Each structure stands twice: as C-alpha cells, then as structure tokens.
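*Asks:* Line order of the protein sequences matches chains E, Y and V. Position 212 (the first sequence) corresponds to 212 in this note's numbering; numbering is contiguous. Convert by adding 341 to the 1-based position in the second sequence; the result is the number in this note's numbering. Convert by adding 588 to the 1-based position in the third sequence; the result is the number in this note's numbering.
Where hints are given, some of them may not hold.
As the list claims (entries may be wrong) - Facing chain Y, a subset of chain E residues (Cβ under 10 Å, in silico): (1) T256; (2) N274; (3) V279; (4) P285; (5) Q291.
To be verified - Listed next, with one range per pair, are the computed distances between beta-carbon atoms: (6) E:V41 with V:A608: 45 to 51 Å; (7) Y:P577 with E:I286: 31 to 37 Å; (8) Y:F574 with V:A608: 47 to 53 Å.
To be verified - Which chain V residues face chain Y? A few, computed with CB under 7 Å, are given here: (9) K699; (10) I764; (11) G831; (12) L836.
Don't read these hints as lab results, they were simulated from the structure. Computed from a predicted structure; not experimentally measured. Backbone N, C-alpha and C define an ideal beta-carbon position, used for all residues, glycine too.
Here is what each chain is made of, one letter per residue.
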Amino acid sequence: MQTSWIPFVPESASTISGKVDALYFYLSGVTAFFTVLISGVLIFFVIKYRRRSPFEIPRPIAGSHKLETLWSVIPLIIAMSMFAWGAQIFFENSRTPKNANEIYVVGKQWMWKIQHSTGQREINELHVPTGRKIKLIMTSEDTIHDLFLPAFRIKADVLPGRYTTQWFEATKPGTYHLFCAEYCGMNHSGMIGSVIVMQPTDFDNWLSGNANQQSPAVAGQQLFQSLGCVSCHGAQGEGGRGPTLAGLFGRRVFLTNNQTLTADEGYIRESIENPSAKVVAGFNPIMPTFQGQVTPEQLIQIISFIKSLQVAGSQAPLPSASAPASSAATTPTSTPQHNPK
Amino acid sequence: MAEGITVAHEASHPALQHHFENLEQQREAGALGMWVFLVTEIMFFGGMFLAYTLYRTKFPADFASASNHLDLTLGAVNTVVLILSSFTMALAVYSAQVGKRRNQIICLSVTILLGLTFLGIKAVEYRDKYEDSLFPGRLIPGRPFNPAVQEHGQLYDKHKLHLLPGATVKHVEMFYWIYFAMTGMHAVHMIIGVGVLLVILFFTWRGRYGPEYHNPVEISGLYWHFVDIVWIFLFPLLYLLGRHLEH
Amino acid sequence: MKAFETFETPTAARVNYINAEYGLKSWLLTKDHKRIALLYLGSISAFFFIGGLYAMFIRLELLTPQGDLLSSTTYNKVFTQHGIIMIFFFLIPSIPATLGNFLVPMMIGAKDLAFPRINLLSWYIYLLGGIITIWALLAGGIDTGWTFYAPYSTTFSNSYVVATGVGIFISGFSSILTGLNFIVTIHTMRAPGMTWFRLPLFIWSHYATSLVMILGTPVIAITILLLAFERLAHVGIFDPANGGDPVLFQHLFWFYSHPAVYIMVLPGMGVVSELIANFSRKNIFGYKFVAFSSLAIAVFGFLVWGHHLFVAGQSVYAGMIFSFLSFAVAIPSAIKVFNWTATLYKGSISYDTPMLYALGFIGLFTIGGMTGLFLASLAVDVHVSDTYFVVAHFHYIMVGGTLLAYLGGLHYWWPKITGRMYPEGWGRFSALVVFVGFNLTFLPQFIAGFLGMPRRYHAYPPEFQVFNVLSTAGASILGVGLVIPFVYLLWSMRYGKHAEANPWHLPGLEWRTASPPPTENFFATPVVTWEAYEFAPPEEMQVIGRLKDEGLEVADAVIDGKPL
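With the hints as constraints, model all of the structure from the sequences given.
*Replies:* In structure tokens, the structure reads:
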C-alpha cells in the first residue's frame, strides 16, 4: 500500500476522498486550535495565579452572562458548520448515480465473494477501473459484516436479509486495502482483501481475460427456469398468473392493501422469500415461498436477471440458457451480455 | 405497638428510621422513591413496546391474525378483574389513612384475591396456547412453535390459526414471542405485587399502620396501580388490534 | 478571619464510622453509606485490576502485526472481556458508587442515603452480577464484543453469551437502585438552608447521572433479556431469517449505551468542578451554567444514540437528524470546559495531586470531546467509524476523563475517607506518569484509525505496527502510573500521616466534620448559611477587597490566628 504525500493521511484514491479529507482537516484544525487555546490558557492561569501564600483568599467572581453567551454561541456556530459540511457530503454521496456499474458483494464468515455484472467472480479481491462509477450491492450470508475501503473513504455495513449499497469512483490506479470493519467472529481480522484499481483499458483486458464466467443475470435466468418461475411470470417476465416482471425494477408498484412502493432489491427479495407479504394489486397470493431454497447469492442472480428484463422490444433478449439448469454457476457461456460503459 | 395508642411525639414514632428528621420526610422519600422506581419500570416495558410497534408496523396482517387467536373473553374478564382490584387497593389505602383497620384488612384481602384470579385466568390462557403449540421457538422444550393453520374453506376451529391475507406463520410466531414476553413480564410483576400485599396484610393485621404512619400501604398501592395500568395498555395492543379485520 | 463553622463531635476520643463496630459481619450487614462506599471501592478495584490485565494482553498481542501471541479466538475473548469488565463493572459504578455513595449525603448534610438497605442491596446485586460474569469468563469466556451485536451473539457465537448477559442484567439493577437512592436523597434530605443552588456541583452532576441511570438502565436490561431468550429459544426477534431486525438490537443497545457514556463521565465532571473550585479557592465561574449543563447533557444524551448507526443501514435522514443532535450535545460540555478554565482566573491555585488530575482531565476531555465531533460528522464518521479512531476517542473520554477524575477525587477525599494523608510527592509523580502514559497510548491510535486500521483486529497490516508499538509502550507507562497510587494509597491507610478534619481548609459540608466522619456524619444537623464554594464570609471578603483595592498586600492575612 502506498502512503500519501501528507504524513498520517491515508492514500486518497476516489472522487470523494478529497472532500472527506478537506472536512477532516477542518475538524482537525478546529480541534488543534481549541486544544491549544484551552491548555494554553490553563497553563498560563496555573502559573500566573499559583498560590503564593497559604493564607491568600482570592476575590470571588460570580460569572458573566456575556461570556457564557459568547462561548455557547461560537461553539454552536462552529459545530453547525461542521454538521452542515459533513451532512452535505454524506447526502450527496448517498445518492447512487444512475449509470453506475453494479458489482455484487456477498460477505460470509470470513471471506468476501464478489461478482461483476459481467460474470467475473473474485474472492477477497475487487478489480475496478478508474473513472467509472461503481455501485456495490451487498448482502451477508450469516452475521453482520462491513465493507470498508479506506482509500476511498467509504464503508457500509453488510447485513443479512437486506441489501445495502455504496458507490465510488476510483481516481488512481493501485492496490488498496479492503477490510471487514464490523466484528464478525473468529477470523474477523482475516476477512480482508484488496481493491485493485486499473486503467480502464487494463481493466477491460482483465475482464476479457476472465470472461469465461457466466454473468449473474444469465445464472439468474437459469434459476428462473429451474425454480419454475417461468410458469407464472413468463420466460421473459412478461407475466401471466403472476405479475409482469419486465421493467419492474425501479417502477412504482400498487399493492392489494392500497399501498404503493418502489420496486428495489429488498422488495424483490421479500417477494421471493415471503410472497404473501406485499401482493401486487389484481393478483391472488398463490405464490409459494422460496425461503431456504435459494442462497443469498442465487437471490442476487435472480434479482440481477429481473433487473435485466426491460419492457418488451427495448432491448435484445438474453440468449436462452441452453445448459442444464443445475449447477448453473459453473457452466461457461458465450460472451458477456453487459458491456460496462 | 398495639392498635389505638396514639403517639404524642412524631420523633419518637417507632417506625421513624434513624436517618430521617421526621415522619413527613420519611413519607416523602418513600413516595418519591416509588415514583422513580415506576419510571424505571416504564422504561423497562418501553423496550418491549418499541419492539411491538416496529414489528406490528412491519407485519400488520400477521399480527392481526395472531391477535385474533387470543381469547378475547378471558382477556376482557381479566381487564375488569384488574380494574376492580385497583379500586379495592385504593380503598385499602384510604382505610389505612383514616385508621380503619378492619376495612383495610378486607380490602387488601379482596385485592389479593382479585390478583390471584387474574393470574389464574392468565394460566388458563397460557395452557390453551401450550395446547395449540403457540409457545414460540424452543421456549418450551419438546413443544416447539407449530400451530395448526385453518385452510381456506375448512370448518371454523378455534384451535386453528386463521391467517388473514398476507400473513405467515413465521411472523405469527414473532407476535407470540412479544405476547409472552410482555404478558409474562407483567405476570411476574403481578406475582411480586401479590407477595408485597401479603406482607402489608400481615403488618396491617399486626396493627402497624394508622393515620400517622401508612407509608408502605401507600407505595404498595402505587405499585399495584402501575401494574394495572400496564395491563390497560397491553389489553388493546395485544387482544384488540386485529378484531376489525376478523373474517 | 474565622475558621469555618463545624459540626464535629466535641469529644476528643471520637468514634468514627470505621471504628464504630468491628468484625466482618459489621461490614457485610452495614447500612452506613460510607461503609458501603468502601465495599464498592474494594470490589471495583478488583474488577479494574482484572480489566487491566485484559488490556495488557491486548497491547502485548498488538505489538506485532502477525497476531502470534494469542489465538484469534482468545484475542476476541480478551478484548470483549476487557470491555465488559471495564464498562459494566468498573466505569459505570466507579465514581457514583464509591465517591458518590460516600459524599452525596455528607455534602447535603444528611445522615445517610434515603434507603440504606436498598443501598446495601445494590452492592450485593452488583457483586452477584459480577460473580456470575466472572464465572462465565472463567468457564469459557465470551467473544461477541462488549456490544453483543445480533445475530452474531444470538446465532453464531459459541461462547458464554447468556451467562454473561445474566451477569450484566443483574448488575444493571444495582445501578438503577443507586440512581434511585441519589435522586430521592437529593430531593428530600437536604439539610436546612441547603437550597438547590447552594448544592456543590458534585451533587448536580450526580443528580443528572442518576436520571440517566434510572431512565437508561432498564432499557439495556430488557434488551439483554430479549437477547438471552433469542439465543436460548431462537424465536427470531433479532434474526432476519425469521423476519426480525438485527438493527433493532443496535437501536435498543445504544439507547442505553450512549447515555451510559454520560453515566461514566458526568460524575467525573462533578469531581472536576469540585477540584477546580476548591484548589483555586474560587467559587465556580457561572455556577448555574455548569449545573444546568449537566442536566442538558443527561437529557440530550438520550437523543443521539443513532450516531452509532451511521453506517449500519440507517436511513440518510435519520442519520442527518442524529448527526445534528450529536453536535448539539457538544455545547453543554464546551460550556463546562470554558467555565472551569475561567474559574482559575485570578484564583489561588495549588499544585496538589488532585488538582493535577483535574487539570489533566480538562486537557484530555477537550481532546476526547473534540474528536467526538469527527464521529458526529456524517462524512468523516463513514471513514473513521469502527476504526482505532473510535477506540482512541472513547478512551480519551473514559480513561482521560472518568479515570483521571476518579483518581483525582480519590486523592482529594482520601483524608476524609480514611483519616490519613497520602504521600504528596508520590501522588504528583504518579499523576504525571499517568498523563504521559495515557497520551502515548492513545494519541497514536487516532492516527492509526484515520489511516484505516479497523478495531477488533487480531492481526493487522504491518504498516500500522509503528503506532501499535508506541501504544504498547504508552500502556506500559500508564500501567506503572496506576500501580504506584494503588501501592501508596494502601500503604497510607496504615502508615500515612493522620489527617485533620479539614486538611485542605475548604468550606464544603463534608469538611466540617471529623476525618473519618462519625456514623451519622455530623454531630448535629448542620444548618447551611453559606453559598457553595464560599471561601470567606461576604463581609470579610469586602474588607479584603477594599484592602486590595488600596494596594495592600493581604495575602498573608491571618485572622484569629488561624489560616484559612
């Protein structure tokens, strides 16, 4: 790992790390200022007003409302500036850009399983190009983990039964740390790896060099068939006894209980594991639960397939999975479908 | 001290503890202490109310289905029993204040009996839930959570769980966990309350309390009312929440 | 100038609370708050020693990056147990149960706490909880971290989670009972003339602490109970596989555990207010602001727990609200620091050991508090949360803050508690050693954390080694600095110089009775006619002031042949 040119500052390799560092320096500056101010005044008073005779009694001073106001309001203003600055970066960064490349991350004791949307799988390593926005969609197979990329100044808990996301855009090629930051048991400190940031051309070479793997969407399509989803939802999600899935992702959904929601990863997952919880208006709760039949990774593949289903005609359909449905994950397929651009 | 003897000087009252200046200060401390304790109790139950609120919002149909399976009649009877017991408790405190020992003994005894009635009815309810295999998880060894579910079109069976649309047995289990945690914790408080009242009854019989000194009766009363109020919240939250969705 | 009016026993051969009764039974069944304070003092010292041993193993392990001293399982247990022992069995009871227990009744002029039997009960409950926890640690230990996060603690850990949980659950009630006792005592048992605004600030801070104790502790009790049942019966309340929410556990846990930080530090602030005022012979600057800031901290402290969950999948908007409130809670602490500093202005400052600890406290608490702002700030917290930055921050508050205040307070009231003086030279020396060792231990951890070293790591990338070596070196110095007072305080109980009733010449009520005090604290019920920290009667102050204005040297004024 390289070190930064400023002492005691970690390598800065993403578009937001500079912004976070600037705020960090501001906070450090204010901290240093007040620490020096208070200890300076303290030391000055302690020396100047040291007890010169055991019998001296200083004059009492009751206090001063002016001073109290001053040293309440000034810290409040400074604190609010810190709040506003920090919240602004955080809020800005909480919105994932639309055109980000998606990478799926599954944490389990004690390894990181990573799959690119083009199918390449990695363990404890994450290859990313510079200059492209990368969105990590993360879940856990067991307990809570936390994916921490110090060089990018980002971190988010990885929870079982839920999807959390974070995104970044790497700016500098190199190899950086990847840590698990939420204590997860025996080998917590071994649940580490590296992020390898490459120039876009190198990355594309790396991708094609590892292309003989099935994309999660294709694997999801195979699961979609082998689990029998096609019988109600249609082979390309066109619908039938079950609601239409094509174009579902990100769309508003009307439910039988008169509520609406936006279809996201969490909703699709819930509908697979607990179908009767949020039934689409106009349909009967006839779908059986698939809880326990699909692993978190397979869920990601199915979700990825459903995401890839666009409204009929807008996109070329995926090649139908000709390989046997079982052991789908290891079956090699032809060219990757999604070219990250 | 025999009944009827009035104490001329407060400072020499046998119930006055050495570190208090007078009985008034001692009474004030005791009452405030009980109030503070009740605040901690509210926070204690508060954690469970939070869990209830969260999961009820998350699984409305499941909670309604599970709630509908509770025995509304027994729950309602128990509510009346507890409200009555609060009334008799208040009378007992009043009797102590005005020095009517006989009335106080009667009221305390009735309160204790009503408390025991409540616990008895609760036990019946628990037994029913046991028979329907509704104790969540592995709480009861050898009797895991495994209720029979009423299928669509089957004849109504009160031992079977009637699931509303969107409800799953798994989340019904969550309701029952919260039900047993809350009512169980409430029952523990009731048992402690009955124990405390038995002690108070004993000392009343010995003639310890009178218009001058009845602090323990008062603060036990506060505790008893609090336990009742908790039930006043539990009853609608647990028994009534899904009735409007029934069938 | 007269000496302060006292309420001492007139006879020469005094009976005090220590020699009033003899025998083990007289201690184990005592209802005297002072004896109970000593029972607590003994037991929390034992727990501190155990927690310190664990700390030693942590620092030794982290000397090298490979993780070669302990196995990872052992290391996980060691840091977990260090946290559990130090937080639940040392820091939370430390100042309230020892100094608070001893001094709250004395400072307000009462004979005892309102409920002496409940006070004794609280010690037995604490001890029972402690013994169960120690048993769990000996039987196999616990490896969940002191935070017990579900579902690791409910499903995946193979350690003694339930037994430890039961121990903490039980000991929580001792904290509730102590808080209850303080609140009732302060409300109902103040001596005649002891109005709310004549109360020493130590009392105000203990009142605020008690509020947190009674409001927060029941929540952790029910949370741990739910956790234990979840682990035993596995019903799924915190398990996503059954529809439960593991983040609910975190919310409930931090609803107590963040305010618990204020249980630890508020009494320390109370001690420091006493030390700063008394060792500079000045009334505290802005008394009401310092008093009410304690209450503000207690109240706001309940509204900021969500800043522990910024990266835990909490919504963005919740994060922003909690961030805002966390910045707001910094203001009352800042007010205190400024007022303490202003109190020194034109004071008569002595360099006695307790004052050295108090000055150290202000410096370290400033750093600890300011680095808290990094963690309240959303964007920076995303980077530094769960790293050594957090570890350094809370050690600055808990060790730099609470432990220093505790040691300062212990030295300050030692003559009152034991009737003996501690050796002043050794005292100053060890205060200095503690200060240096502490900073060397934890300053490097801020840097390691910002550089990205995650906490709870058994092995770590070699580039962090230099900070860990510094830290371990500092911890060794700190350890020595803590052993020294342990030795000389014990020594002084037998061989120390006999202490006068008022060795520091101070006006507080606790100094107006014998050292050690009689069982009922005062010979007669004191009647308070002076304000808090009134170092001389007002009319005499006016005379002195006039003389000073006329340019006369009044420093050596001695009235009635007695120095003040």
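*Asks:* The structure should be examined with respect to each hint, and the outcome stated for every one.
*Replies:* Here is how each hint holds up against the structure:
1. Taken as an interface hint, T256 (chain E) checks out: its beta carbon lies about 7 Å from the nearest beta carbon of chain Y, inside 10 Å.
2. Because the closest C-beta pair between N274 (chain E) and chain Y is about 6 Å apart, less than 10 Å, the hint holds.
3. Because the beta carbon of V279 (chain E) sits about 7 Å from the nearest beta carbon in chain Y, less than 10 Å, this interface hint is met.
4. The criterion of a C-beta within 10 Å of any C-beta in chain Y is met by P285 (chain E), whose closest approach is roughly 6 Å, and the hint holds.
5. With a least beta-carbon distance of about 8 Å to chain Y, the hint placing Q291 (chain E) at the interface is held under the 10 Å criterion.
6. Between V41 (chain E) and A608 (chain V) the C-beta distance comes to about 47 Å, which sits within the given range of 45 to 51 Å.
7. Taking the beta carbon of each, P577 (chain Y) and I286 (chain E) are about 34 Å apart, inside 31 to 37 Å as hinted.
8. For the hinted restraint 47 to 53 Å between F574 (chain Y) and A608 (chain V), the CB-CB distance of approximately 49 Å keeps it satisfied.
9. Among the interface hints, the one on K699 (chain V) holds; its C-beta lies about 4 Å from the nearest C-beta in chain Y, closer than the 7 Å criterion.
10. Interface hint at I764 (chain V): satisfied, since its Cβ lies 5 Å from the closest Cβ of chain Y, which is below the 7 Å cut-off.
11. Contact between G831 (chain V) and chain Y, as hinted, is supported at the beta carbon level, the nearest pair being about 5 Å apart and thus within 7 Å.
12. Checking L836 (chain V) against chain Y by beta carbon gives a least distance of about 6 Å; that is within 7 Å, so the hint holds.
Checked against the numbered hints above, the structure breaks none of them.
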